[in-house]
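Novice: From first to last, the protein sequence lines stand for chains A and B.
Mapping to the working numbering: the first sequence position 40 is 48, numbers consecutive.
Mapping to the working numbering: the second sequence position 79 is 85, numbers consecutive.
It should be emphasised that the hints constitute simulated quantities derived from the structure, not laboratory data.
Some hints could be false.
Stated by the list, open to error - Listed next, the in silico DSSO-like pairs over lysine-lysine satisfying Cα-Cα at most 27 Å (straight line):
hint	chain 1	residue 1	chain 2	residue 2
1	B	Lys116	A	Lys114
2	A	Lys35	B	Lys47
3	A	Lys80	B	Lys66
4	B	Lys116	A	Lys121
5	A	Lys103	B	Lys182
6	A	Lys114	A	Lys80
7	B	Lys116	A	Lys103
8	A	Lys173	A	Lys114
Said to hold, decoys possible - Label pairs and their computed distance ranges (CB to CB):
hint	chain 1	residue 1	chain 2	residue 2	range
9	B	Glu113	A	Ala139	38 to 44 Å
10	B	Leu31	A	Thr219	55 to 61 Å
11	B	Gly162	A	Ser87	43 to 49 Å
12	A	Gln108	B	Leu11	50 to 56 Å
Said to hold, decoys possible - Covered by chain A, per the in silico footprint, the following chain B stretches (three or more residues, Cβ under 8 Å):
hint	stretch
13	135-149
14	190-197
Backbone N, C-alpha and C define an ideal beta-carbon position, used for all residues, glycine too.
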Amino acid sequence: MEQSHIINLKDIESTYSGPRQEQLYLKSINLTVTSGEILGIIGRAGAGKSALLRCIGLLDRPLTGIVSIDQKNLTFMASPELVVERRNIGLVSSKPEFLQTQNVNKNVALPLKIQRFPRQNITKLVEQALAQVELSSKALSLPGSLSQLQKIQLDLARNLVNRIKILLCDDIFVGLDQKSSEYLITLLRKIQKENNLTIILTTNDSDIIKTICDRVIVMHLGAIVEKCSVFELFTRPASDTAREFIRFTTKHELPTCFRRKIVAQESPEHHALVRINFTECLAPEEILNNTLDAYDLKMNIIQAYQEKINNHGINIMIIEIFGDSLTVNNAVTFLNNNGLQSEIIGYAPNIN
Amino acid sequence: MLPTLISALRETLYMVLYSTLFSMLIGIPLGMWVIGLSYSKNGFNRGLSATLHAILLAVKATPYILVMLLFIPTTNWLINHHISFTGATIVPLSVAGTMLIAQAVCEIFKELMSKWQSTTKSMGATSKQTMLLILLPESLTRILETCSNTAATILGFSIIAGAFGAGGLGQLAIEKTITEPNFLYAIISIVTLIAIQQIFKYTAILILPPKT
Chain A
9 MEQSHIINLK DIESTYSGPR QEQLYLKSIN LTVTSGEILG IIGRAGAGKS ALLRCIGLLD
69 RPLTGIVSID QKNLTFMASP ELVVERRNIG LVSSKPEFLQ TQNVNKNVAL PLKIQRFPRQ
129 NITKLVEQAL AQVELSSKAL SLPGSLSQLQ KIQLDLARNL VNRIKILLCD DIFVGLDQKS
189 SEYLITLLRK IQKENNLTII LTTNDSDIIK TICDRVIVMH LGAIVEKCSV FELFTRPASD
249 TAREFIRFTT KHELPTCFRR KIVAQESPEH HALVRINFTE CLAPEEILNN TLDAYDLKMN
309 IIQAYQEKIN NHGINIMIIE IFGDSLTVNN AVTFLNNNGL QSEIIGYAPN IN
Chain B
7 MLPTLISALR ETLYMVLYST LFSMLIGIPL GMWVIGLSYS KNGFNRGLSA TLHAILLAVK
67 ATPYILVMLL FIPTTNWLIN HHISFTGATI VPLSVAGTML IAQAVCEIFK ELMSKWQSTT
127 KSMGATSKQT MLLILLPESL TRILETCSNT AATILGFSII AGAFGAGGLG QLAIEKTITE
187 PNFLYAIISI VTLIAIQQIF KYTAILILPP KT
């Protein structure tokens, strides 16, 4: 099936009226999202992740640039038409607002009441939406009595009842325990398939990116600094933000206490630390052992990480190699030529 | 003594209940209208909203005795048209009450609007739908609570009106204390006023849905 671009952002810039002056918080954003895709947005706090979501949902109009949703340019659309178009885009946040004195059923029915649906249809659609998010048992409860996970489920149901095409999730995993997060991921996948949704989510949790996203964009200071697949993010991070993001998940970097001791310049009192990165490589251990034997070098494995992301194996190892620097450099070059992506990341002091 | 007290109490309740009713009927829609204008895209509407909001705050800050003075021409006109002083006092009391309720409604809606703005926009609700279908039911408890508090404030204002000769418990207590002097009327009036305030408060608690 041919996939089309459901979201197209071109040269988006947006400002924020700060206490003293206007600040640019989205800079030259160009982005296309394919229909049915799950896109993750990562970045530090204040990088512009939520601002970008608000821009896609046309909750804030951009200062310049074009926002096209489903081949329609919404940027300059007049308010009455925009109100209708916004119904295709759902927004779920970690702190959703509900009618506190109305039960779950009535909260889910709210978007339909706004659109003046007949009462019989409302009951049916609300039941369907609650069944989809697996919250039918709480239909008569008040929102105040729900857990954080159930509140997110309710917010999802309230969006689904609107028959949305795009779902924007703003940090919805915040405040959820591990089990609830896993459940929510499964639920998102299920509703994405059932409704052919395009999902864009912001998070700072690498496990969520790994398990649910197809593609990732990395944001820093209001700009997109990297667009890549999840696999590329975890194997070949190009930006500092991405490297920082995966540092503790994939053991791409050494722990901070070790890193403090590492120096950049080689010396007789130090030995090399080498990071070896391989994905689809036949017999990597054999290549590594043979190389070190051939160059008469000794090594210790400091840390190693192995996982499957999008059906690709990821292996990252950091080893210390003892020997003179020229031989170590030659060995690293040899490893690189044999499919083991290797680099010297620094020099650690010898322990006598 | 008892018939005098009952007659004064009847006058006070007449002033307070009618004034509160008029204040609610005008104050709630006025507050909603002012806050609705402030979210308009039209600059004139926003300016109008800011001006009305400033007027609401100014009247709220004005001591009630001055509001009574400002309404002397209206009160005189009503008295000349065969309406009692007590009845004529309902006008300044209602104006003061309306301003209190409208200003409180503005604050409540402003706070709720900031919380709900993203949600309602993404639901595809217009400003009018947001006000009527979401913010009004959501704020109903707080608005009714405000009305109950306003009724208690109007009760206090009615005592000031009594000093002008508008009747009620205020006039009775002031007259009897200064002319006779008999403090018993003043003490009974104070106890009765406290009792009425408590009745307003507990009626509100009984009517209102539980707070969430």
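Novice: Run through the hints listed earlier and report the numbers of any the structure violates, in increasing order.
Specialist: 3, 5, 6, 12 and 14
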